[in-house]
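Enquirer: Mind docking chain Y on chain A? Use the hints.
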Amino acid sequence: MLRYLALKVGRALFVVWAAFTLTFVLLFVLPANPVDLLFDPAELNTVTSEVREQAAESYGFNKPVLLQYLGRLGHALTGDFGNSVQSGRSVTATILDVLPSTFVLASGALLLALLIAFAIALIATSTRRAWVRNLVEALPSGAVSVPVFLSGILMLQVFSFQLGWFPAFGDRGAKSLVLPVITLAIPVSGPIAQLLVRSFATEFRSGYVTTSWAKGATRGVIVVRDVFRNASLPALTIAGITFGNLIAGSVITETVFARQGIGRMTQAAINTLDVPLVQGVVVLAAASFAVINLIVDLIYPLLDPRLRATLTVGSPRAA
Amino acid sequence: MTDVPEGKPDPLLRIADLAIDYRTGRRRWTPAVRGAGLQVDPGEFVSLVGESGSGKTTLVQGALGLLPPVARIRAGSIAYSGVDVTDWNDQRMARVRGNYVGFIPQDPNTSLNPVKKIGQQVIEAVRFNAPEARTAAQHREAALESLRTAGLGDAERVFHQYAHELSGGMKQRALIAIALAGEPKIIVADEPTSALDVTVQKVILDHLVRLRVELGIGILLITHDLGVALDRSDRILVMQDGRIVEEGPVRQVLENTTHDYTRRLLDAAPARQAGRLEPASGPRTVPTGSPPVLRARALTKSYHLRGGRGRQRQLRALDGADLVVRRGTTHAIVGESGAGKSTLASILVQFTAADSGTVHIGDRKLTGLGRGQLRESRRDLQFVFQNPFTSLDPRFTVGKLVAEPLRAFKLATGKQERAARVVELLRAVALDESHLHRLPSELSGGQRQRVAIARALALNPGILVLDEAVSALDVSVQAQILQLLVDLQAEFGLSYVFVTHDLGVVRLIADDVTVMRGGVVVETGPVEEVLRSPRHEYTRELLEAVPGAGFTGSGASEGERVGTLIARQA
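Chains as they are written, first to last, in this note's numbering: chain A, 1 to 319; chain Y, 1 to 570.
Check before you lean on any hint, since a few could be wrong.
Stated by the list, open to error - Covered, in the sense of this in silico footprint (three residues per stretch, anywhere, with C-beta under 8 Å from a C-beta of chain Y), are these stretches of chain A: (1) 172-178; (2) 206-214; (3) 295-308.
As the list claims (entries may be wrong) - Here are the computed lysine to any residue pairs in the SDA-like style, where the Cα-Cα straight-line distance is at most 25 Å: (4) Y/Lys116 with A/Phe169; (5) Y/Lys116 with A/Thr78; (6) Y/Lys116 with A/Ser288.
Simulated from the structure, these hints should not be mistaken for lab results.
Glycine is no exception: its CB is placed at the ideal position from the N, C-alpha and C atoms.
With the rest of the complex left out, here is chain A (with noise of 0.2 Å):
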């Protein structure tokens, strides 16, 4: 068990660390000359070369790119990852001011995302009529064609500008986060509902369903105490797509509805190039990344006794 526990967040540590590593090569060495991303490229021909120098000298580019990589390192172990470009402010410091909004966005729209889900999964297995079935499993596909600008742009004219229930935008009060989170939890439920319907679907057909049946079970109970839990463990292992549908859904959500946050502070970086912000940006989606992906690892044990038993003891039918 130790060694397992090891074994994944050594992983998780790796990822993280390969991030910045991979975005410290592509933003600081790769350039030709890293001090002109340092600069509006509007007002690029009118710094003066001892502005230039000045800057060099304060982000370390006249060093070593190894003294600069091994500082930089060191630096963002303590969490600093330098100053804004743009508004000079530290990068830790503004990341931290938008990721509350964001995290509250993001874990809404997952918490109903997965309810989405499930109850698309739950009905298609548990109905007798097949045109519900049908009906039913049409539905993820759907919410993963239909892009998220348009969704948002849709429920944005029918219950803010028609109906008026909501506030178009703005961040303000848990009225303004119901349209965003719905908006973003469409597209993220989708691969997970398609996911669940088919191993909802396989669980329900498999050995120890005959079992139940013949126990005198019926099919609720079926569904909901047999099929329920061994249907749901493939589900966790989608986590890191479903993270990564996250990310990309909030940039967009978070632009329509004007709503600060990680989303649209990435979009602004990569469009003034903030280097140091971007570098920021980066590492706080792979460590996140890494994190999610380390609880999924830690519960699954926990959900499934066959893979605590290889943890443990070391089975011969250890997979």
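Expert: Then chain Y, alone, in the frame of chain A:
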């Protein structure tokens, strides 16, 4: 259940003229069960025997109301103790299942919920079927009692275990406990021991017989194994193509077999064969003192298991195993699961590398050869896999499958020449040109295994290693394939290494036999000697567990067979 008339009570289960169809297209239905009927009386042990596709499982699913959505009952009735349940919906059937009829499924390895403790699963079976509300403690006590009745002495421990922590036999006992938990009057068991080793099978079946006596319940056993049915049933029903073709007490079926199919089944059952099969071309000359063609010495193979806390754990799959195969003979390797027989077979053809020990083909040492040299050796040493349903590429035609080794070794390069060779090979395995362009999915199991054998023969090998090559086949098909192997051996002078778990098959095909257990060879020698007077305790145990063994004599006539039967019953 009500409506029990005076005098003779209604049978526990009566199925009359049942017809079940499967939907195979829009408005197209294919019959699976065509007017089958059966009944089971209290305290009776009835066996329903049939090969795959005979409709026996569909019949049972129909009886339990567990037909898949694509199936429908077209005609007939199902009645439990005189109560007709044919048109009952799921909700009502749920009260019959578990409560009145218990079900033991086929494969214990997939039939228990992997994430729930055994105890919890038995408790559910108790709770669903308890007539009045009881406390959790009472449920628990009833579940433990049920586990004990199913023959799990250490019920308390099993109660807190998960399915993966139990052996196959224990899982099947847990499933029996689940079936018993609702205190049913009849138990339906669908091939309950097909996935288990023979010695375990014997214990489980014996236990079912004991339960019938102790609890006075009726048992309906579905099996493909006539031997299993003959050993324990009061009555036997033989099913073919959706119909019951033969029915009667065991002795009557044996004595006056009325239907041709039953006759064939009886003849095909390996346990009922007196001795080795003779090739069709005439009695073969048993090669005496023929030189060894394949020798394995002191083969050892361990698998490392990932253990907790850095502890290295090892599984000794093979522990100093020796094997000598004489030219032109069949050497059978028998053993139960985990005996190391498949590991041995795959080391013989060097799919797996041994940790130590040597393998020789003739004078050539096979172990330690490089890839290229090994490839050359494979010409002389071919392998036939267990499952003909997975060992053939589903997208290759039969012609392409058989020609593949020829292409790989650049033999018969001309198109005409190759086609001629393929047809020749197909003829050798009793197929013909008409099969050339078919896909494996269009062939029956027996035909597929014939194609696999033809493919193995393509390079004119001297030795064939057959790993459970007939285990996945029905008895009648199995008999045909075995006959084919014997004929091919006589024709081409092949040597076989025949890996099997079935001692009955060994008698039919082998000259020598090696009995393995836990990676160790426990006994080896000529078949006659080993089977007639086994020296090792384990061999005796295996022999006793062979179903239908009691009905065999060495070349016994029908009269003598029945004689042994009567003697057994007395």
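Enquirer: Given the proposed pairing of Y/Lys116 with A/Phe169, does the C-alpha separation stay at or below 25 Å?
Expert: Judged against 25 Å, a Cα distance of about 48 Å means the pair is violated.
Enquirer: For the segment 172-178 of chain A, count the residues whose Cβ lies under 8 Å from any Cβ of chain Y; is that count three or more?
Expert: violated (count 0)
Enquirer: Can you tell me if the segment 206-214 of chain A counts as covered by chain Y, using C-beta to C-beta distances under 8 Å and a minimum of three residues?
Expert: With 8 residues closer than 8 Å to chain Y, the segment 206-214 of chain A meets the three-residue bar; holds.
Enquirer: Does the structure keep Y/Lys116 and A/Ser288 at a Cα separation of 25 Å or less?
Expert: At roughly 32 Å apart (the allowed maximum being 25 Å), A/Ser288 and Y/Lys116 break the hint.
Enquirer: When I compare C-beta atoms, does the segment 295-308 of chain A have three or more residues closer than 8 Å to chain Y?
Expert: Check passed, 4 qualifying residues.
Enquirer: Given the hinted pair Y/Lys116 and A/Thr78, is their alpha-carbon gap at most 25 Å?
Expert: violated, 45 Å
Comparing the model with each earlier hint shows violations of hints 1, 4, 5 and 6; every other hint is respected.
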